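J.: Protein chains in written order, with my numbering: chain A, 1 to 234; chain B, 235 to 524; chain C, 525 to 851.
Worth double-checking, as some hints may not be accurate.
Stated by the list, open to error - Subject to a maximum C-alpha distance of 25 Å in a straight line, what follows is the list of computed SDA-like cross-link-like pairs (lysine to any residue):
1) B/Lys511 <-> A/Gln129
2) B/Lys393 <-> A/Gly13
3) A/Lys124 <-> B/Thr392
4) B/Lys511 <-> C/Arg720
5) C/Lys841 <-> A/Pro107
6) B/Lys511 <-> C/Leu634
7) B/Lys511 <-> C/Lys841
The hints are simulated quantities; they were obtained by calculation from the structure and are not laboratory data.
All values reported here derive from a predicted model rather than from experimental measurement.
One letter stands for each residue in the lines below.
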Amino acid sequence: MLLEVKNLRAGYGPTQVLFGLDFAVAEGGVTALLGANGAGKTTTLRAVSGLIRPEGEVLLSGQRIAGLMTESIARLGVAHVPDGRGTFMELTVEENFRLGAYTRRDPDVAADFARMWEWFPRLKQRWRQQAGTLSGGEQQMLAIARALLLRPKLLLLDEPSFGLAPLIVQDIFAILRRIREESGVGILLVEQNANLALDLADHAYLLETGRIVMSGPAAEIRQDEAIRRSYLGY
Amino acid sequence: MEAFLLQLAAGIATGGIYASVALAIVMIYQATHHVNFAQGEMATLSTFIALTMIQAGLPYWVAFAGTLVVSFVMGALVERLIMRPVQHAPILTHVGVYIGMLLIIGNMTGWVFGYTIQMFPSPFEGGKPMLGGLFSSHQLGSVVVTLAVLILVYLFFTKTSLGLAMRAAAYNPRSARLVGIRVDVMLALGWGLAAAIGSVAGMMVAPIVFLDPNMMLGILLYAFAGALLGGIDNPPGAVMGGFLVGVLENLAGAYIVGTDLKLTVALVIIIGVLVLKPSGLFGRVVFTRV
Amino acid sequence: MNASPARFLLVVAGLAAALAPLWVLESFHLFQLTMAVIMSLAVLGLNIVTGYNGQISLGHGAFFAIGAYVTSILMAQADWSFYATLPFAAAICGMVGYAVGLPALRLGGLYLALVTFSLAVAVPQLLKHKALEAWTGGVQGLFLMKPDPPRWLTSVLPLNADQYMYLNVLIVSGICFLLAWNLIRGRIGRALMATRDHPTAAEAMGMDIAALKTGAFAVSAMITGVAGALSAVAVEFVAPDSFTFLLSITFFVGMVVGGVASILGSIFGGLFVLFVPNIAESISRAAPGVIYGMILIIFLFLLPEGFAGLVRRLLAKLSSPGNPQPK
Numbered sequence: 001m002l003l004e005v006k007n008l009r010a011g012y013g014p015t016q017v018l019f020g021l022d023f024a025v026a027e028g029g030v031t032a033l034l035g036a037n038g039a040g041k042t043t044t045l046r047a048v049s050g051l052i053r054p055e056g057e058v059l060l061s062g063q064r065i066a067g068l069m070t071e072s073i074a075r076l077g078v079a080h081v082p083d084g085r086g087t088f089m090e091l092t093v094e095e096n097f098r099l100g101a102y103t104r105r106d107p108d109v110a111a112d113f114a115r116m117w118e119w120f121p122r123l124k125q126r127w128r129q130q131a132g133t134l135s136g137g138e139q140q141m142l143a144i145a146r147a148l149l150l151r152p153k154l155l156l157l158d159e160p161s162f163g164l165a166p167l168i169v170q171d172i173f174a175i176l177r178r179i180r181e182e183s184g185v186g187i188l189l190v191e192q193n194a195n196l197a198l199d200l201a202d203h204a205y206l207l208e209t210g211r212i213v214m215s216g217p218a219a220e221i222r223q224d225e226a227i228r229r230s231y232l233g234y
Numbered sequence: 235m236e237a238f239l240l241q242l243a244a245g246i247a248t249g250g251i252y253a254s255v256a257l258a259i260v261m262i263y264q265a266t267h268h269v270n271f272a273q274g275e276m277a278t279l280s281t282f283i284a285l286t287m288i289q290a291g292l293p294y295w296v297a298f299a300g301t302l303v304v305s306f307v308m309g310a311l312v313e314r315l316i317m318r319p320v321q322h323a324p325i326l327t328h329v330g331v332y333i334g335m336l337l338i339i340g341n342m343t344g345w346v347f348g349y350t351i352q353m354f355p356s357p358f359e360g361g362k363p364m365l366g367g368l369f370s371s372h373q374l375g376s377v378v379v380t381l382a383v384l385i386l387v388y389l390f391f392t393k394t395s396l397g398l399a400m401r402a403a404a405y406n407p408r409s410a411r412l413v414g415i416r417v418d419v420m421l422a423l424g425w426g427l428a429a430a431i432g433s434v435a436g437m438m439v440a441p442i443v444f445l446d447p448n449m450m451l452g453i454l455l456y457a458f459a460g461a462l463l464g465g466i467d468n469p470p471g472a473v474m475g476g477f478l479v480g481v482l483e484n485l486a487g488a489y490i491v492g493t494d495l496k497l498t499v500a501l502v503i504i505i506g507v508l509v510l511k512p513s514g515l516f517g518r519v520v521f522t523r524v
Numbered sequence: 525m526n527a528s529p530a531r532f533l534l535v536v537a538g539l540a541a542a543l544a545p546l547w548v549l550e551s552f553h554l555f556q557l558t559m560a561v562i563m564s565l566a567v568l569g570l571n572i573v574t575g576y577n578g579q580i581s582l583g584h585g586a587f588f589a590i591g592a593y594v595t596s597i598l599m600a601q602a603d604w605s606f607y608a609t610l611p612f613a614a615a616i617c618g619m620v621g622y623a624v625g626l627p628a629l630r631l632g633g634l635y636l637a638l639v640t641f642s643l644a645v646a647v648p649q650l651l652k653h654k655a656l657e658a659w660t661g662g663v664q665g666l667f668l669m670k671p672d673p674p675r676w677l678t679s680v681l682p683l684n685a686d687q688y689m690y691l692n693v694l695i696v697s698g699i700c701f702l703l704a705w706n707l708i709r710g711r712i713g714r715a716l717m718a719t720r721d722h723p724t725a726a727e728a729m730g731m732d733i734a735a736l737k738t739g740a741f742a743v744s745a746m747i748t749g750v751a752g753a754l755s756a757v758a759v760e761f762v763a764p765d766s767f768t769f770l771l772s773i774t775f776f777v778g779m780v781v782g783g784v785a786s787i788l789g790s791i792f793g794g795l796f797v798l799f800v801p802n803i804a805e806s807i808s809r810a811a812p813g814v815i816y817g818m819i820l821i822i823f824l825f826l827l828p829e830g831f832a833g834l835v836r837r838l839l840a841k842l843s844s845p846g847n848p849q850p851k
């Protein structure tokens, strides 16, 4: 297992948000975390990447990462595209790329840049532009590219479809499909758009007010009556 | 005409000093998004340390390098020990801490080194007046040093990974952590670098105005004016601003308000810039767009 | 603690404590206490614009100086009585404060701190300028005389000039504190703090932010200016070098240590800035400034809410030890 999480508890100050989550992401697999607003999905990602300090067990390829500093967890191969995309708005697209690859010392960085240019031609066009001037969709692509440039083992995505027009969202999810097929990166995907998420994922968990209420292969979850009514709209 | 040129030259020479202190201020801002009011005091302390080394018999440039190192360490320590605990506190607390440092460092310098005015040697001494008699050799030398430091800093921030990481850490610490940048280390480095640059400014100023614990206060004001004029997050702009302030100050002092009100000129510049164009003459444009 | 008899007793006790020095203290210490009250008033002024309204001013020494000089010039050059100069000094400082508040609208946080700091540094130079020398007395400054207590008072209560001065300072400061207290606990006080904490929300709710902020500056300048006027007469002397940037820093330190956004804090702050430098000197003859700076930083680390905050917490514990308190 790439990521194993056991009895995860986390919160903000006196407010507890997660009440003992158990979930996993397989090597090269895509796991979806579904749920309504306020269920704790974003908090879960933050607990994994270290932005907040969790209790419980978080194992990355068997190694304990709960309690480590964010930057250390990143260096171990966890790339987190946070809510709000986390782009360095005042810096250029080029600088954002360079920052994505900041921790890498291997010689393949140039090749990865080229690959990102191929996947996201628009980013190549806007190479020297300030990231803040990019459209929403382009910023999301930039955020994903930046995360991939880390050559991560695990990719955490917080609502990649958020605030984007449907056509752009399709593009983004096509990219995510490419990531799943062409790189070996494991993905933990948080999405409110259950349709898209279940389409892409192998495995899914449903989060409700800080607890996992349902889990299983994505195909099964898709067929479930309750899920269809509440989250898929039919 | 010749008098005018002399004033202009003097303005450029003093402007060079303001420019280097402005650079130190902007460096801290780049790395931390804070303005350190105690910058001047730290620079003065560094200069005294340099003097001690020189008086102990070290050759000038060895003492120069040694001072850079000591100042760097001082700055990093200040960040770790004093700024780190109040990292998340409101601005008011930060301002209070800067003032506390101003009082501590300023008074400590006086206590340890005494208040008598001292001479500070220049490495450029003994040359003939240059550029048609407009500049003394030291003035020219210090301008060159300032420009050299500027170029190095500019290259550092734009071309190197570390410089990029420092800027990123200041703009967006959370995202910086997410790409693996050790933000805490970046902050300490930023302060260290700024202290080192400040010490260069101090060592260039001291031969001209002579060294005493209160050396930097007026200079700090002009440096702030220069940094704001050029744009607080823009090193080349800040340097240009520093030169501009030097020239304006001298010309205004000579032709408009008289030497008594030169400090007021700085004040007017600061207010004028912040009211009319808060991002400075050169704003952030130079760095992030090509 | 909110019961009326308790409050009444507190007020009486406070009055007694304030008046007692008249009989208890001899000239020099009474003078020090007089200056402490003046400092408290000045810190109160700063608190209005910086503590309650969040606009950081490191230049309040300038308003103090203006108040001092207006009073001095009117008394020394135009032979006005001390009392007549006070409203005048207040009005002029208020106008200057308003004038400073206007460009301040465009600045925030550190930038405003920087500008006001520059103001503080530039003040002595401005005061020494030759063009104003005829009025200000230039570098040598102006000499004044404390007013003598009027006959009708001394027939009832024998007071010398120093004691009379203390009484005056107490009354004027008392009035200012009362006015400030009234302002703060009312609608305007809440508006000031709302603007400080949530400017966008405040604006969305229809508050006239510009008027509030410039008004805060004006009132703040007025109060500190009055303190300056009082100090000029208490010291019987004004000179440009009495008003360096260190004065502005002193007010700032007093506000932070005493307790930001607190009336009580202003009083603590005034006492602190007057007496602690002496203590610092007794700790270290050679480097009192260092001790002073260290005390400031220690306060910022450990007691960011100042003395007043500490008192508040103690009182909360005493009054209802078991009750949960909302933050």
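J.: Could you tell me which of the hints above the structure violates, numbers in ascending order?
T.: 2, 5, 7
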